[in-house]
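Undergrad: If you want the building blocks of each chain, they are given just below.
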Amino acid sequence: MAYSDKVLDHYENPRNVGSFDKGDDSVGTGMVGAPACGDVMKLQIKVNKDGIIEDARFKTYGCGSAIASSSLVTEWVKGKKLDEAAGIKNTQIAAELSLPPVKIHCSILAEDAIKAAVEDYKKKHQ
Amino acid sequence: MQFPIYLDYSATTPVDPRVAQKMIPFLTEDYGNPASRSHSLGWKAEEAVEESREHVAALVRCDSKEIVWTSGATESINLALKGAAEFYKTKGKHLITVRTEHKATLDTMRELERRGFEVTYLEVRPDGLLDLNQLESAIRKDTILVSVMYVNNEIGVIQDIPAIGELCRKRGVLFHVDAAQATGKCEIDLRSLKVDLMSFSAHKTYGPKGVGALFVRRKPRVRLEAQIHGGGHERGFRSGTLATHQIAGMGEAFRLAKLEMSAENERIRAMRDKLLAGLQEMEEVFVNGDLERRVPHNLNLSFNFVEGESLIMAVKDIAVSSGSACTSASLEPSYVLRALGRSDELAHSSIRFTLGRFTTQEEVDYTVNHLKSKVGKLRDLSPLWEMHKEGIDLSTVQWAAH
Chain A
913 MAYSDKVLDH YENPRNVGSF DKGDDSVGTG MVGAPACGDV MKLQIKVNKD
963 GIIEDARFKT YGCGSAIASS SLVTEWVKGK KLDEAAGIKN TQIAAELSLP
1013 PVKIHCSILA EDAIKAAVED YKKKHQ
Chain B
130 MQFPIYLDYS ATTPVDPRVA QKMIPFLTED YGNPASRSHS LGWKAEEAVE
180 ESREHVAALV RCDSKEIVWT SGATESINLA LKGAAEFYKT KGKHLITVRT
230 EHKATLDTMR ELERRGFEVT YLEVRPDGLL DLNQLESAIR KDTILVSVMY
280 VNNEIGVIQD IPAIGELCRK RGVLFHVDAA QATGKCEIDL RSLKVDLMSF
330 SAHKTYGPKG VGALFVRRKP RVRLEAQIHG GGHERGFRSG TLATHQIAGM
380 GEAFRLAKLE MSAENERIRA MRDKLLAGLQ EMEEVFVNGD LERRVPHNLN
430 LSFNFVEGES LIMAVKDIAV SSGSACTSAS LEPSYVLRAL GRSDELAHSS
480 IRFTLGRFTT QEEVDYTVNH LKSKVGKLRD LSPLWEMHKE GIDLSTVQWA
530 AH
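If you read the protein sequences in the order shown, they are chains A and B. Throughout, the numbering used here is defined as the position within the first sequence, counted from one, plus 912. Throughout, the numbering used here is defined as the position within the second sequence, counted from one, plus 129.
Simulated from the structure, these hints should not be mistaken for lab results. None of the values given here were measured: they were computed from a predicted structure. Check each hint, because a few of them may be wrong.
Taking beta-carbon pairs under 8 Å as the criterion, some of the chain A residues facing chain B (in silico) [unchecked claim]:
| no. | residue |
| --- | --- |
| 1 | N925 |
| 2 | F932 |
| 3 | G935 |
| 4 | V939 |
| 5 | P947 |
| 6 | G963 |
| 7 | K971 |
| 8 | Y973 |
| 9 | G974 |
| 10 | G976 |
| 11 | I979 |
| 12 | W988 |
| 13 | A998 |
| 14 | G999 |
| 15 | N1002 |
| 16 | E1008 |
Idealized CB from N, CA, C, for every residue including glycine.
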């Protein structure tokens, strides 16, 4: 299968790989997918007191498109408010990375990961 | 070293240069139709075809009259299964095969089911081998044929063909063997094996693509209904002008296999074992399928916590196959590995390395180092590896399946 240059770039040089402390109050963690399905994404956001996402980290088990999708969204969520980040659509991710139809589920998973991370942060601050 | 390093010899092999040399004259000079009886060009082509038939027969120790040329193992399997089922259908309508067979067999069986036959698909043991007791109890009064592959294409395990043959013969059931992956790797002796039909391919044994053969036993005689009709070539079993150059290539490839296989297999086995030892220096690396009853050139490994397609993408210097077909929304891991009882995770994390005639020590060393570095990198990226390192048992985690 041919990958787009952007997928290859994110795959070769993934941005913001790593983990924050899950217990930290300023951190929201989203873990989506299942090993049996061939992909699991963990996305973490660090939120400042103004409700802006200051930083993000990810780890992904999955194909190149899944890794690229999650790497991309760590860049996109930075500087955004929680609700803005949660509004990122999978179609935007798929378009940016030129994902073929069989890889659309990777972008859906990345969208779900952001939502799960935002949700987790909000739960901590209810 | 040339890149990519080719370790996918079970997908196909390069044509041996000696084989290519043998083929070329039949394209440009000796281009006669082997069925032309009226001039020397035809006689020369026929002579080449018959000489090749002898070479193929010699490798597997049968009579050359028992070899029928086809376009490849897929066609041979189709002819064997459909041909026998249609011919013997008044005797019974039940066939038996194994879940880990190649799609050429499984899909042909599905077609026979649509035509009104009944098929039993046997499970395998966790080591990939067939349980003979299970086979014996699956044979019924109306069973006409059993089909089992000699060597599995994914995990390289060798089924106990002699014992299965004895069992089938005792029960009066025809036995077909898909030997596409076995020629040049296993000693095949059709004089002693109780095998009625055996399918062969040229391009897995350093011959050209597009040609194969089917062994059809004469004593006791096996009858088949032809699947391709026309000029009555190949004693009516398979019509169509013979592809002289392809057949010359297959003959030469099988002649060389007979001469060189024992030395070649030892050399390849040593390199395979070195590859395995090198890769097993990493944690959480598992061999799929039995290691002892296996062809010497195959190594199928699961690299736990790393997804197969991303690994294939990472090791682009090396041409290998993955057991994970991540090509649809419902990701499907290898059905062969699933049949061994491997978890989806391990099936998704598998890579098949198949070495061959032109593999070098240097390439094996490079592959070990390359894999170690790439697996390490992907594990650093893997949330599953992180959880494993934190001591979390992944089987206890509630995943949100999607």
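Undergrad: Which hints from the list above does the structure break, by number from lowest to highest?
TA: 1, 2, 3, 4, 6, 12, 13, 14, 15, 16
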